[in-house]
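Chains A and B, in that order, are what the protein sequence lines are.
Counting in the numbering used here, the first sequence runs from 841 upward without gaps.
Counting in the numbering used here, the second sequence runs from 841 upward without gaps.
Some hints here could point you the wrong way.
Put simply, identical chains are the same to the list, so a pair is met inside one copy or across any two.
Once the Cα atoms are required to be at most 30 Å apart in a straight line, the calculated DSSO-like pairs of lysine-lysine come out as [to be verified]:
#1 LYS1012 <-> LYS1138
#2 LYS1211 <-> LYS1183
#3 LYS1211 <-> LYS1012
#4 LYS1183 <-> LYS1124
#5 LYS1175 <-> LYS1211
Derived from the structure by calculation, the hints contain no laboratory data.
Protein chains: 2
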Amino acid sequence: MTPEKEKEKEKEKEKEEDQVVLDAGMKRYRNGEIWEFEDDMGVSDGGTGVLLGLDGGTTSTVCICMPMVPFSHSQLQSLPILARAVAGCSNHNSVGEIAARETIEQVMADALSKCGSKRSAVRAVCLAVSGVNQPTDQQRILGWLSDIFPSHVRLYVRNDAVAALASGTMGKLHGCVLIAGTGSIAYGFTEDGKEARAAGAGPVLGDWGSGYGIAAQALTAVVRAHDGRGPSTMLTSSILQSLGLSSAEELIGWTYADPSWARIAALVPVVVTCAEAGDEVANKILLESVQELASSVKAVVERLGLCGQDGNSAFPLVMVGGVLEANRRRWDIGKEVMNCISKYFPGVIPIRPKVEPAVGAAWLAWNFFMKDYQKAYA
Amino acid sequence: MTPEKEKEKEKEKEKEEDQVVLDAGMKRYRNGEIWEFEDDMGVSDGGTGVLLGLDGGTTSTVCICMPMVPFSHSQLQSLPILARAVAGCSNHNSVGEIAARETIEQVMADALSKCGSKRSAVRAVCLAVSGVNQPTDQQRILGWLSDIFPSHVRLYVRNDAVAALASGTMGKLHGCVLIAGTGSIAYGFTEDGKEARAAGAGPVLGDWGSGYGIAAQALTAVVRAHDGRGPSTMLTSSILQSLGLSSAEELIGWTYADPSWARIAALVPVVVTCAEAGDEVANKILLESVQELASSVKAVVERLGLCGQDGNSAFPLVMVGGVLEANRRRWDIGKEVMNCISKYFPGVIPIRPKVEPAVGAAWLAWNFFMKDYQKAYA
Chain A
841 MTPEKEKEKE KEKEKEEDQV VLDAGMKRYR NGEIWEFEDD MGVSDGGTGV
891 LLGLDGGTTS TVCICMPMVP FSHSQLQSLP ILARAVAGCS NHNSVGEIAA
941 RETIEQVMAD ALSKCGSKRS AVRAVCLAVS GVNQPTDQQR ILGWLSDIFP
991 SHVRLYVRND AVAALASGTM GKLHGCVLIA GTGSIAYGFT EDGKEARAAG
1041 AGPVLGDWGS GYGIAAQALT AVVRAHDGRG PSTMLTSSIL QSLGLSSAEE
1091 LIGWTYADPS WARIAALVPV VVTCAEAGDE VANKILLESV QELASSVKAV
1141 VERLGLCGQD GNSAFPLVMV GGVLEANRRR WDIGKEVMNC ISKYFPGVIP
1191 IRPKVEPAVG AAWLAWNFFM KDYQKAYA
Chain B
841 MTPEKEKEKE KEKEKEEDQV VLDAGMKRYR NGEIWEFEDD MGVSDGGTGV
891 LLGLDGGTTS TVCICMPMVP FSHSQLQSLP ILARAVAGCS NHNSVGEIAA
941 RETIEQVMAD ALSKCGSKRS AVRAVCLAVS GVNQPTDQQR ILGWLSDIFP
991 SHVRLYVRND AVAALASGTM GKLHGCVLIA GTGSIAYGFT EDGKEARAAG
1041 AGPVLGDWGS GYGIAAQALT AVVRAHDGRG PSTMLTSSIL QSLGLSSAEE
1091 LIGWTYADPS WARIAALVPV VVTCAEAGDE VANKILLESV QELASSVKAV
1141 VERLGLCGQD GNSAFPLVMV GGVLEANRRR WDIGKEVMNC ISKYFPGVIP
1191 IRPKVEPAVG AAWLAWNFFM KDYQKAYA
């Protein structure tokens, strides 16, 4: 960039900032339509402001709006939820950047609009989105957010696993979380801030313990049974029936007709039902997914030393996601994974969060904001 | 459709057909620009006409133009190639329908234009395209073709495996073919026309013996080594170096930045090099791919009974594709697959075709056309 252009940009930025000061509520940072609701509101809605916590998964995205009350940390759980909005997939690796950005912006606008707030009332935003794997992902999303919000809003971007952990630990980043929904990931933090992750690299990169992984293997088993490479399985009739297809050949067309990972992962309950009915192929797929999920947790716990030097120290393990929560009659994947992990680490404390990960993201926003605030005024 | 509308459509069709008879060269069946070259040619180029054979794969598409000479079958090999044109992927499951159709039309136009022919000179077209898995796929592509060519042109649509088989058997549909390129498939025919296939269901449905499958497993091994779930492997430094990336985290972004399967499959030589250098992880991936490929052939041969009742009968096995053709120093995947198969079926006759599959497709067009012709005038 030439120095002239840089100066021009600087001036534009100053102008923009002036505008924010004059009338933050009226300014459109990006998509006009999304934020139109703000036009009908007063110049400032004052108060202590609000927080946004967003949990962006491969299947759906949830945004929670909470009041920014300077509570003590122990009272965090009593913060009321002012609004909750839901949208589709916001993993840019799955739906592309444009769609992911649009979804994130829309769901935040919906949450604010639902509780009669607007962007000028926002104090902090924590976006916990699947697909955030490296600093450049984080920087890109921070860029989107800074186009949307006035510059005084505190912005935090993390992998969605971090919000899931926070939902089980009241916003404290310590211990390990295992998510197994459409995708799967294990993510952990030590008390002094070291972090590590395992799996969570999506379907191409061997996410076999995930809902997608389980379902893709079930579909593969149907194809293999059909063409003579594998044993026959109850999965064939069950999956074809649940999809309304009449032959295994049609499965191929069905599979590639829509690249959405969530659509494939939605077949997990069919696999569990077949396993419960005694189908060996389905049973083997679930057993392997249990091993995969347990090995992800094991890798994170060992790298961070969460289990202590003797391997017996206590640490929280937060378990989240449709694959782990399905509490079936005989086949409970979550329970099997926990059995497996407690053999390695007797000190493990399993936590099934009572709140959803988006609330965890809002708690994180509160925690991060309070820390920054305390630092600034210490 | 109402009877009036049907009549109208009939009339339109008649008009179209008249137009074809009057001036086939000038008529634009679809995309004007693609066929503009025909405008500069005479009204009819007469002669015995030409054939088009097209091999549409997931990596590239090749179209061959040959003269339609009523040779005897044994002289087929001496049919000259009038033109050869190349384009990108035409598997609709990989790039979508619109792109696949455009590629197919363009490559046929290029082949005709190169040898100074036009659509009115075409007698028969054999399109052998990967992703043709069921009658509806075939019907859809026949629909595209009938928009492009005058109605007297004979049109044949098959899976690309059929052209590969024909390239090794002089257009005769008997025996088995194994393709392992970006994707993999085994396809076979008995002399009395029964057919069977195995694998070839793409990356989501467990095409682990394919180039894509080998490379995806290598990428997965890098991620597993990085996050502590798997053993360390030479694949990490080799793959990162060949992609110009600096960390395993960056691999995730690289993997999902572009959904093309061929881009991933292009890493196979790196895996082979690592296996040759003694890397155990790479070696295991290749050994498993050999087993996968051999099991596909086994399934087809057994279902069709190509090996006879005693299991020792002779049958041709045509082997095609980058994964099988790579003749490395120590690791020759094709040779290992053949060793494996000849243990099951001592009568197997391996054939490495001397011509490319697109020539096989042209030979098939010739064979199909001659059969139809003989039937009509018998």
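Structure-based check of each hint:
1. For a Cα distance limit of 30 Å, the shortest separation of LYS1012 from LYS1138 inside one copy, 21 Å, qualifies, whereas the shortest one across copies, 56 Å, does not.
2. In this assembly of identical chains, the alpha carbons of LYS1211 and LYS1183 never lie at most 30 Å apart, being 37 Å within a copy and 69 Å across copies at closest.
3. For a Cα distance limit of 30 Å, the shortest separation of LYS1211 from LYS1012 inside one copy, 12 Å, qualifies, whereas the shortest one across copies, 76 Å, does not.
4. In the homo-oligomer, the alpha carbons of LYS1183 and LYS1124 lie at most 30 Å apart both inside one protomer (20 Å) and across protomers (29 Å), since each shortest distance falls under that limit.
5. Taking the shortest alpha-carbon separations for LYS1175 and LYS1211, neither the intra-copy value of 36 Å nor the inter-copy value of 63 Å comes in at or below 30 Å.
When each numbered hint is compared with the structure, violations occur for hints 2, 5.
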